[in-house]
Amino acid sequence: MLLKKNIPIRYVFGKIKVEVLMVFVYALVVAVAYVNLHFTRISIPIAVPTMLGTILSLLLAFRSNQAYDRWWEARTLWGAIVNDSRTLTRQVLNFVDTPYNSVEALYFKEMFVKRQIAWCYSLGQSLRDLCPIKDVEKLLMPEQLANLQDYTNKPVGLMELHGEDLRRAYKEGWVNEYQQVELDRTLTRLVNAMGGCERIKKTVFPATYSLYTHLALLLFILLLPFGVINDFGVMMVPFVVAVASSFLLIEKMAIHLQDPFENKPTDTPVTSIAQTIDRDLKQMMREFKEAEIPKPQDHVARFYIL
Amino acid sequence: MLLKKNIPIRYVFGKIKVEVLMVFVYALVVAVAYVNLHFTRISIPIAVPTMLGTILSLLLAFRSNQAYDRWWEARTLWGAIVNDSRTLTRQVLNFVDTPYNSVEALYFKEMFVKRQIAWCYSLGQSLRDLCPIKDVEKLLMPEQLANLQDYTNKPVGLMELHGEDLRRAYKEGWVNEYQQVELDRTLTRLVNAMGGCERIKKTVFPATYSLYTHLALLLFILLLPFGVINDFGVMMVPFVVAVASSFLLIEKMAIHLQDPFENKPTDTPVTSIAQTIDRDLKQMMREFKEAEIPKPQDHVARFYIL
Amino acid sequence: MLLKKNIPIRYVFGKIKVEVLMVFVYALVVAVAYVNLHFTRISIPIAVPTMLGTILSLLLAFRSNQAYDRWWEARTLWGAIVNDSRTLTRQVLNFVDTPYNSVEALYFKEMFVKRQIAWCYSLGQSLRDLCPIKDVEKLLMPEQLANLQDYTNKPVGLMELHGEDLRRAYKEGWVNEYQQVELDRTLTRLVNAMGGCERIKKTVFPATYSLYTHLALLLFILLLPFGVINDFGVMMVPFVVAVASSFLLIEKMAIHLQDPFENKPTDTPVTSIAQTIDRDLKQMMREFKEAEIPKPQDHVARFYIL
Amino acid sequence: MLLKKNIPIRYVFGKIKVEVLMVFVYALVVAVAYVNLHFTRISIPIAVPTMLGTILSLLLAFRSNQAYDRWWEARTLWGAIVNDSRTLTRQVLNFVDTPYNSVEALYFKEMFVKRQIAWCYSLGQSLRDLCPIKDVEKLLMPEQLANLQDYTNKPVGLMELHGEDLRRAYKEGWVNEYQQVELDRTLTRLVNAMGGCERIKKTVFPATYSLYTHLALLLFILLLPFGVINDFGVMMVPFVVAVASSFLLIEKMAIHLQDPFENKPTDTPVTSIAQTIDRDLKQMMREFKEAEIPKPQDHVARFYIL
Amino acid sequence: MLLKKNIPIRYVFGKIKVEVLMVFVYALVVAVAYVNLHFTRISIPIAVPTMLGTILSLLLAFRSNQAYDRWWEARTLWGAIVNDSRTLTRQVLNFVDTPYNSVEALYFKEMFVKRQIAWCYSLGQSLRDLCPIKDVEKLLMPEQLANLQDYTNKPVGLMELHGEDLRRAYKEGWVNEYQQVELDRTLTRLVNAMGGCERIKKTVFPATYSLYTHLALLLFILLLPFGVINDFGVMMVPFVVAVASSFLLIEKMAIHLQDPFENKPTDTPVTSIAQTIDRDLKQMMREFKEAEIPKPQDHVARFYIL
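Protein chains in written order, with the working numbering: chain A, 1 to 306; chain H, 307 to 612; chain S, 613 to 918; chain P, 919 to 1224; chain F, 1225 to 1530.
If you are wondering where the hints come from, they were derived from the structure by calculation, not from laboratory data. Wrong hints could be hidden among the right ones.
[Unchecked claim] Derived DSBU-like pairs: lysine-lysine, alpha-carbon spacing no greater than 30 Å straight-line: (1) Lys814(S) x Lys933(P); (2) Lys1426(F) x Lys1119(P); (3) Lys1182(P) x Lys813(S); (4) Lys1182(P) x Lys1170(P); (5) Lys813(S) x Lys507(H); (6) Lys202(A) x Lys570(H).
[Stated by the list, open to error] Calculated from the model, a selection of chain S residues having no Cβ within reach of chain H, i.e. all distances over 10 Å: (7) Met634; (8) Arg727; (9) Arg740; (10) Pro754; (11) Arg779; (12) Gly785; (13) Ile812.
[Said to hold, decoys possible] Derived DEER-like restraints, expressed as beta-carbon distance ranges: (14) Pro1156(P) x Glu568(H): 23 to 31 Å; (15) Glu1401(F) x Met1059(P): 31 to 39 Å; (16) Pro1489(F) x Tyr317(H): 54 to 62 Å; (17) Tyr719(S) x Tyr317(H): 39 to 47 Å; (18) Glu1401(F) x Val715(S): 32 to 40 Å; (19) Ala951(P) x Pro1489(F): 39 to 47 Å; (20) Ala951(P) x Phe330(H): 23 to 31 Å; (21) Ile960(P) x Ala339(H): 38 to 46 Å.
Every residue, glycine too, gets a C-beta built ideally from N, C-alpha and C.
The following block holds chain A by itself, in its conformation from the complex (with noise of 0.2 Å):
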């Protein structure tokens, strides 16, 4: 799968060349002591690097079950919002219904579908910080827009759009009692789900954690060439640089993980995730016209599908 491939190795490595160049330097530093200049009390057994180690593997396992739940969460409410997404404009699609399927509820429908598009894109853009109304404009009648400037956070407002309309469509008879109920649902599961977004977004993995990983991690480097110099002499070195860009780069991979909206190559991948829910929506609207099916964008290609 060619997915796989998609974040480089180089790329992840990059992220720790500076820590990795840094423990080089110091090992080497304490290798030519030891072994040119002779200062072999320096020497330290290795269970104490082990001791440490163990209660670091601990600590890391914590941390990245941790980071990993937050990033599949976020990962599932977004395959929720896909689901939801689909559900919406079935049920729009065959719900709402007019004596002699007049045009007013063909141009209804498709009002209603292309703004569910314009919340998904513009529920991405807001997690990850950016303008929430890019790209959303052409899907919007000007005066829904006009309306959005009233709400601090834009996809509360475009669901609330879409509760005022099916309250337009109740009210005109277009869907029944049950329908509109219905419909409201599966509304209250996108409100869910975004909701969860702004959760993971807004709570801040604990920072002690974070902090006492980094610390114990840092403590543990400093000791472990004292704990095998004596019995690597200069392989030390390597040995040394293996291990430690091992435990910096899991590190680094939770820190990356834990906050998955913050617009960096390893987010949650909303906007193609909106892109697909873009295509599969105006699929489903097959009596409309569809010329306008998004190709992936090049601002795009900065992110690697996980």
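Starting from the structure of chain A, add chains H, S, P and F where the hints point.
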């Protein structure tokens, strides 16, 4: 992201400074006895603290996991409160309807939404054992406030008032029977979130685990200096302080996370979330006066957004 | 928070005092044999108890996790009972309606809510294998009590009475068809919570795990003194007692947590929760007499609120 | 609680007695070779089995966790079957209604509830690969039994009969449209529980993990005697047997737990649960004859209630 | 149970035979260098590979857990597809009704159920990147197949056809409004299961963890021979090969489990599950011709039922 700086390192270390000082003095005494007074027989093999360290790591991992789960569940419950408050407002605004959109119905909607805001503030306050009707008076009618007197648990009373209003709306014909039931379901979800918060608040983490972890940590710190004095000499003191601080920090963080409604700076930010709800709900009632969107107040600044 | 002091250390240690005494005597005998009688060949390398200790830690972690999950699930189920009791009451009070708010309907509501309170008490009692209709007589009509005779499982009978009353209310026209179904759903959730509690009550923790953990712990304690006598000398005795007590405490706590309905002080506080429900539900029926709000009774004081 | 004694230690040890005997003989041979024949060079450092033991513990912890989760999920699914059988009965008894409470409707209710009991027995039997219509004949009409012939999966057929009867009740006007849908939802939940059990039954635990854990355990037991012979001498034999038995027991228990529907004594007690459902459902139909409440039968006594 | 033999050991070992051979040669070279050429200085203390082994075990445990969770979730989603396909069929057969049970309605039911079977096959095929309309032609009408041309994602198109047919049934009066909504909800659950599968398919396991685990494993295998050569001598070679094979097997299994829709023998058995659905659904339509129940086909035999 600025929020990450919200819990200053200083605050965290401030919590353990006494313990760290005691560890420092203790390690120093051992070091002096060994190095200067030549009590070299007190050295023990490093395998003993290693064994204790491994056990302790597993215990702290268990403890941290459960504490983190409590904290994350509390945050998720407040996320659900955000979602369901938005849903309730969308439903009240769009379901409730009168033939000529009478002033009475408009007034009803405004009162309902304001009471929902009041409920959020009140729940946050009562979870923190603060006055549960502070900030709530101006959002409620005098007679509703009088009604609340009968309730030990104020948010339960506010929910009952919601239910009574819903009944009135149904009897007046402002909502149909499906809409009444659907609105009632949203109330049910809010009641579930409230009950979940109360459960976390009222259920202490099993005391034996806390106690045992603390005793094991104490034993570990007591033995650590003797285990490493032989290899480190005087350098043992900073090493012991660093390792002990790490473990103490982890334990302290678990204690803070496991009780997220204790009016401490590391709490779930209930007031801040309630203010976000306040803002969003008032913006959804665009047709009403909304000059009163709250600004983050001073007494909130004491809390850090986790 | 005062509740944290609810399980006194003394109670916890009281549970393991025999075992701790035996460990003390055993360690003392080994120490005397080694130090005074010079049986120095009995010393074994510390790596052996270390290996056992690591394995044991993993086993106890697994055990503690599963026991904690059972305990937390039991608590969550009772939290759900609190929530759904409040919901049921809100629905009964606000859904049930008669043209002139007849006395008969008022009486119906009061009887329904009181039976819900009775159900909570009865479920708590029967989960603890106590008389399931104690404290329940005064909340029920005599003919309802007679009906209950037919049931082996009393709470199941009370739920069936709820269902029959609901049918009567529907046939009388006091609730409409949607309200009947919605009230029935609340009953379904209560039935689910009841079934969950029964599942935890009736399903023992797999006996082999308990047995194995206990045997491994025994082996560890038997070998520990020989592993550390060489390095600690007489000081080995307090060290062994401290480590053994820790492991024994953890095991004991897991045993207590895994069976949360055994009428022990560390139980899920079902009576206390039922009294909270009692208070809240009676306060929600403001229009009725409510002099009888229960005070925490003496026989509850024996239980600690976890 | 008596149930805890239900899996006798003897049964558990019986499962591993061959393996334990082989370990005993093997360890004895090594001990004799070392102590009597002075092959002292075969001793290896204890660090080797320690490393293997740690790895093995982690593997067994993973294995035990997944096996326990499968077993607990199977138990939870049967708990859900208990809950939904009660709910279905409450709904059938209280929703189905005819103007004069005709004999036909009473007969309909009894047939429906008996078929639900039959479904529980039939599902339990077919999950264990036993005859799925044993004990079921007397609960069903002859023509229903004939209908079942068309189905490879009998419980699926019974559910379809439920659905058909529901349709008949709706067409006859015995239930209204909301009640039909609500009853259908209960059937949906029962279908979900059935599908969940089939999933656990048909999905084997990944074979490689089982295989690998077994090989690692073998390697560990093979090396252990050489690791401790130097320190323990002849006392090594009981030590090795004790440690090996512990690991073998854990592995065996995981194997039993991971397949909870294999007609073994450690199964999920499906027959016993079905009998509880039988009793409760018949007691709920108080107005009908109920002499036939089943007593626990002999063929159940072979199973232990976990 | 025969299924357990479905993944032959040979298949599993076949996947790692190259790696194992390389490890064997490498260990042999080290052994010859040490024993025959007396390069005895290359020996390192066993504590180094022990430390790496512990860390590696934790990493593999994390990896295995997440891979297992993905695999189990995929299996659970297909279990939900089984359940909801049965539910949908039960509902279509029993909800849809015409005054005289017209041929048109019978035809409608058969077409609906066949399209559901087609959806299951199509989803399975498209998840494996195979032709999504293979085996589907004979279950669909020509005009429906033509309709599918408009869709990039064929299962989404089939769901939309379901929705359109539901609308037709409602407009014709074959289902009432509650039944339409209830059937639509079953479609919603099927859409959610489909979306969940797509999420697992499209989201790769974070590449850094895979990479890091692989590097750590490599480092461990490289160092292991030097750590044990001193104690084992030539016997080191089989020991190293055995330990390395175990770790390699675990890693390989995790890689297989984490991507359960890759058209490999260890996949989630989507075709086999779809055939079970096919059989059950056709048996539920007893009144229709059902000669065409599929037999397990040859191209399925390549897959092992996990």
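Give me the numbers of the hints this structure contradicts, sorted from smallest to largest.
As far as the earlier hints go, 14, 17, 20 are violated by this structure, in ascending order.
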